[in-house]
Structure formats: C-alpha cells, structure tokens
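> Based on the hints, put chain B in the right spot on chain A.
Residue numbers (the working numbering), protein chains in the order written: chain A, 31 to 345; chain B, 31 to 345.
Any given hint might turn out to be false.
Repeated chains share a single entry, so a pair holds when one copy, or any two copies, can fit it.
Simulated pairs of lysine to aspartate or glutamate, DMTMM-like, Cα-Cα distance not exceeding 20 angstroms [claimed, not checked]:
no., residue 1, residue 2
1, Lys121, Asp137
2, Lys246, Glu93
3, Lys127, Asp137
4, Lys117, Glu275
5, Lys92, Asp137
6, Lys101, Asp137
7, Lys246, Glu215
8, Lys234, Glu319
9, Lys121, Glu142
10, Lys246, Asp82
11, Lys246, Glu81
12, Lys234, Glu187
13, Lys127, Asp152
14, Lys127, Glu150
15, Lys122, Glu273
16, Lys141, Asp94
17, Lys295, Glu339
These are computed hints drawn from the structure, not numbers from a lab.
Protein chains: 2
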Amino acid sequence: MNGRFICPGLAPRVPFPIRYKSISASSALRQGMTEHNDSGIEQIQLLDGCEDSYGGVRVEIKEDMDADVMKADVFASLLRASISSWKQQGKKGVWIKLPIKCSHLVDVIVKENFRYHHAEADYLMLVRWLPETQDTIPANASHRVGVGAFVLNDKREVLVVQEHSGRFQGTGVWKLPTGVVNEGEDICHAVVREVKEETGVDTKFVEVLCFRQSHKSFFTKSDLFFLCVLRPESSAINKQNVEIEAAQWMPIEEYAAQHFVINNKQFNFMAKICLAKADHGYPGFSAWETTTGSGKTTYIYCNNPEIVENFASSM
Amino acid sequence: MNGRFICPGLAPRVPFPIRYKSISASSALRQGMTEHNDSGIEQIQLLDGCEDSYGGVRVEIKEDMDADVMKADVFASLLRASISSWKQQGKKGVWIKLPIKCSHLVDVIVKENFRYHHAEADYLMLVRWLPETQDTIPANASHRVGVGAFVLNDKREVLVVQEHSGRFQGTGVWKLPTGVVNEGEDICHAVVREVKEETGVDTKFVEVLCFRQSHKSFFTKSDLFFLCVLRPESSAINKQNVEIEAAQWMPIEEYAAQHFVINNKQFNFMAKICLAKADHGYPGFSAWETTTGSGKTTYIYCNNPEIVENFASSM
Chain A
31 MNGRFICPGL
41 APRVPFPIRY
51 KSISASSALR
61 QGMTEHNDSG
71 IEQIQLLDGC
81 EDSYGGVRVE
91 IKEDMDADVM
101 KADVFASLLR
111 ASISSWKQQG
121 KKGVWIKLPI
131 KCSHLVDVIV
141 KENFRYHHAE
151 ADYLMLVRWL
161 PETQDTIPAN
171 ASHRVGVGAF
181 VLNDKREVLV
191 VQEHSGRFQG
201 TGVWKLPTGV
211 VNEGEDICHA
221 VVREVKEETG
231 VDTKFVEVLC
241 FRQSHKSFFT
251 KSDLFFLCVL
261 RPESSAINKQ
271 NVEIEAAQWM
281 PIEEYAAQHF
291 VINNKQFNFM
301 AKICLAKADH
311 GYPGFSAWET
321 TTGSGKTTYI
331 YCNNPEIVEN
341 FASSM
Chain B
31 MNGRFICPGL
41 APRVPFPIRY
51 KSISASSALR
61 QGMTEHNDSG
71 IEQIQLLDGC
81 EDSYGGVRVE
91 IKEDMDADVM
101 KADVFASLLR
111 ASISSWKQQG
121 KKGVWIKLPI
131 KCSHLVDVIV
141 KENFRYHHAE
151 ADYLMLVRWL
161 PETQDTIPAN
171 ASHRVGVGAF
181 VLNDKREVLV
191 VQEHSGRFQG
201 TGVWKLPTGV
211 VNEGEDICHA
221 VVREVKEETG
231 VDTKFVEVLC
241 FRQSHKSFFT
251 KSDLFFLCVL
261 RPESSAINKQ
271 NVEIEAAQWM
281 PIEEYAAQHF
291 VINNKQFNFM
301 AKICLAKADH
311 GYPGFSAWET
321 TTGSGKTTYI
331 YCNNPEIVEN
341 FASSM
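Chain A with its partners taken away, still in its complex shape (with noise of 0.2 angstroms):
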C-alpha cells in the first residue's frame, strides 16, 4: 500500500458549510435536481463538500443548519441527488462528518448505503465508496499507545506504585508508573506526564527502552507499549490518590524479583532489560526532533542519533 510515508494523510481542511438553495432539494429532485435562477443558468441543489486529493469528497453538517434542510426527508432527498452528482463526477470516497446533535440524521445516511468510519465523542463519520472498483478508503486508527517508566535513582533504587483497581489490586504487587498516550502527545511528554502525575517526581526522558505490541487488548484495538528510560530529577514522593495506593523508591533486584514479575514471561523479560540498563550494557532508543515538511514538530526514535550523525558528517 503507497503513500504511507510521505502522504500527509487525509488531513482535516477548513471546515465547509452547506450550501442549499431556499427551495427545498425535494423540488429541485423532483426537477431533475436543476432549478433555474434569476438569470436562467441551471443550479444543482446539492451538499456542499470539499474535495480531497484522493478523487474524493468530504461532508461536514453543521447542528446550525437550517431547520429545514435538518428534516430527515428533507435530508434524504438532498443526499440523494448529491450521490447522484458525485457519482456523475467520477468521485470516489465520500465522507459525512455528522456531530452527534444531528443523531436523528444518522438512519437517513444509513439508508443510502453509508458505513461508519469512526466515531469520537462528538461527531460520527459515515463513508460510502461510489465507484464499481475496489474501496481503498483508508482504514481507522487500529492503535491504542501506552508507556511505562523505569525511573532509576543514584541508589540503583526504581521508582515504583500500587493501585487501587485493575488485576493487581490488594496484591501487593509493585509496578512501574504507566499510562496511556493521550491523542497529539508524544510518548517522550507522556510518560514524564505520568510520572509526575503518579508520583509527584520530575523526571526527564532518556530513551526508549523496548516495546511492545499486543493485539485485542481494548475490543478489537490493539495497543503498543513503550517501556521508556527516565532520569529522576526530583526524589520527594506526592502520590495521586485516585488511582495510586502507594509510591516508593525500591531497590531495583527486589523489584524484579518480585513472584509476578518472575512469573510472568513478559514481565520478566523487561524486568531483565531494566537490569541490563542499570548496568549500562544495554542502548535503547533516543529521541530526535525534527520538523515534517509543513513545520510541525516531531520525534524521530532512534540508536544513539549521535552515531548516524557522526556517520554522516565522516561521508
């Protein structure tokens, strides 16, 4: 499959309003979806959508459209002709991005063969391929992204909690600080913002240790887990209460052999890769800032960047 690398993706546009004539788009199907205007030029009656660079075409219903056109046959009609329009044009993909004020609108779509994309709290995204060739509508975000911390103190003691609820409850069980990446952060702010929200401690972020990848971990979601290397830069425990029982310093050997963290063969084996960091024989992952071609910043994850740098300026 082409353009995962460089294609920007189908990045949201500008929003686009919809656009309708005050006659109602049932009359303007019932004429063979034209009307004339005042200077006698045909109009099609259709939703206005922006069209993407991949032959398709993009929808955004506003909840502050016109009440008419906000009625569900109303609605259907105007969507009807639009396909038809579409369809006329050789488009591909089209997108309805429909907020979740506008729900009773979510049956019409279904009806004229729309599947859903995604969904997130607020708005549902509908998709319909229009062409007879093969759907090539990219698929949705398949990746839930986690990370742990191996917070190391001059003492070779860990940074570890307890907590209230999930598998390890009432256990005794001591853990790294973890945490889920929240949309638009990097891993490397994540998990420094779990650390000092767990634990109180300041910390900076060295590199990734290892990951991990696990499949139907949330539904049908899967999740990668980044084990990541943090320098502590404050030592005093202030403990979350919600989800945290307890937060300690632990000598790291008593940490790992805990009967858990023994038991467990995934577990174990980072346990092993914590140990064979404290010993520093074991380089993971830095992380290298760069900017995409439209100026954002980004975080490339890498060997010791140093090394390509140094290869690079030895050419």
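The following block gives chain B in isolation, referenced to the frame of chain A:
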C-alpha cells in the same frame, strides 16, 4: 493512569443477548418498572448487560431482536428503565454496542445522554458515565501504525518503488516500500507482507531501525511509522499493478542522494540511518517472541535480546 501495563483492558466477553419479557417495556415503566410473574415475584424489565471488571455494564443489541423491542419508543422506555436500575446498583460506565442495521436507535440512545465512543464499519459503540464522579472511560484507539522496508541486497542495492498516486505521483521519486499494519497484525509480519505484495520479493524481518510518531495525520489521529530492516530471500521483482508504477533495486547511495530525500529532514535522517546500518555501525530493535498471561503470542522489540539473556545468565 494505572492498569495499562498489567491489565488486559476491557476485552470483549461472550456476547450476551437482550433479555426482555413479553410485556412491553413501556408498560413495565408505567407499573413503576415492575410486574408480577406467575409466582408473584416482582421482576423489573431491563436490558440485559454483562458486567465488566471496572464496575460497568455492557449491552449488545442484536439486529434480530424482537420487532417490538426494536421500535424506537419501546426501546427508549426499556433503556430508561435500565439506566434507572443501573444507577441504583451503583454502576459506572454503560456501554451499548449497536449494529449498523439498528441505526434507527442511535438517536434514541443519544437522547438518553450517551455519547459516541467509537465506530467500526458495522457497529457503533455508545457510552454513558452514570455516577457523579469523574468519568474514567478509557479513550478510543488513537494511532494508525505504518511500516517501511529497508531491503538491501549483497550488491548494496536497496529495493525501491514508485507509486501510481499520492504526493509523489509522476515525480520520478523512488521510495522504500511502505504500508499500513492491519488490525491484529504484528509489525514484523506486516512489513514482510507489504514488500511481497508491492514487489513480489520474499524477505525475512531483521529489526526495527527507528520509528517516528506524527500527529493529526488522519483526521485527529496520530501515526506511528516503523522503519524495518528486511533481509531479501529472493531478488526477482514482480510488481503489483494497482498502486505501484515501478519497482527496482537501486544503489543505496543513489537512493539517499535523491533531491526529495535530501530536502526533507525526516527522510534525510532516515536515509542516513539506513546508510549507517548498511555499514554495520547501527543497532536496531529485534523482535523477541513471547507469550502473554493468557497464552497469546506477542512480540517485544528491543536491542539485541542476547545482551539481555547473557546479562541475565551472568547474574
């Protein structure tokens, strides 16, 4: 946020059908949500949900449910009665999985103060937080995952392609093969599959060379892109025609010297990593196969696992 490292998440359970009685839910509501069955015991008419381990309830609507219950007004009554009961029981998050064939019920559920959580092609997941406490419903998947393949043969030639469409269409730019990781697919398998699909070349996964996280690449979602080293196991090119315009083996220096590579910070840095790798000065992350607590195969990607194993055996 806790539980991320240890907990299996809200894994789907065995499907659970709606349980309802032959009397209509609306009459149950009128009777104060109770009726007397044959033995005179009070029974409340409710949607039947599965309890989750976070104090929540999950309801799965089936499209083949009784036509009566599928009526919007009947369903609304049943839902209101159920919410009332769940509140009394101290339930927290309520999840409703609604097949697209029941899209006429979306509006009914939204009107009961549910919001969208996520959607796939054939269903919509709605959710509502019942208590007065802070909403801790976990976020939806936030990332798409892509892969790129660095396949170098023993003549220092790299496998490259030109694409039919997208940003570099018609520019003559040669790119590494790239693609999207399918739902449930491992990174180390996805990249081998993409190379085979696009070029016909058989390869073996060696390691992750680096990865990049970027934001707002697809609607509001983020991207994780993993650049992988693959060892070629065949050389004949048999390109795919739908997306790929051309494919060839090209001297690595020629690939890295392309204008678009040099002029794009990210591409240039990744090309330097590839060059450093070609000259054996750069270690990436290998895939270490392991199993989860529930017995699923999973991969941990890390620096040479032998370092870790050797370290562990020397303890």
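> Checked against the structure, which of the hints given earlier come out wrong?
1, 2 and 4
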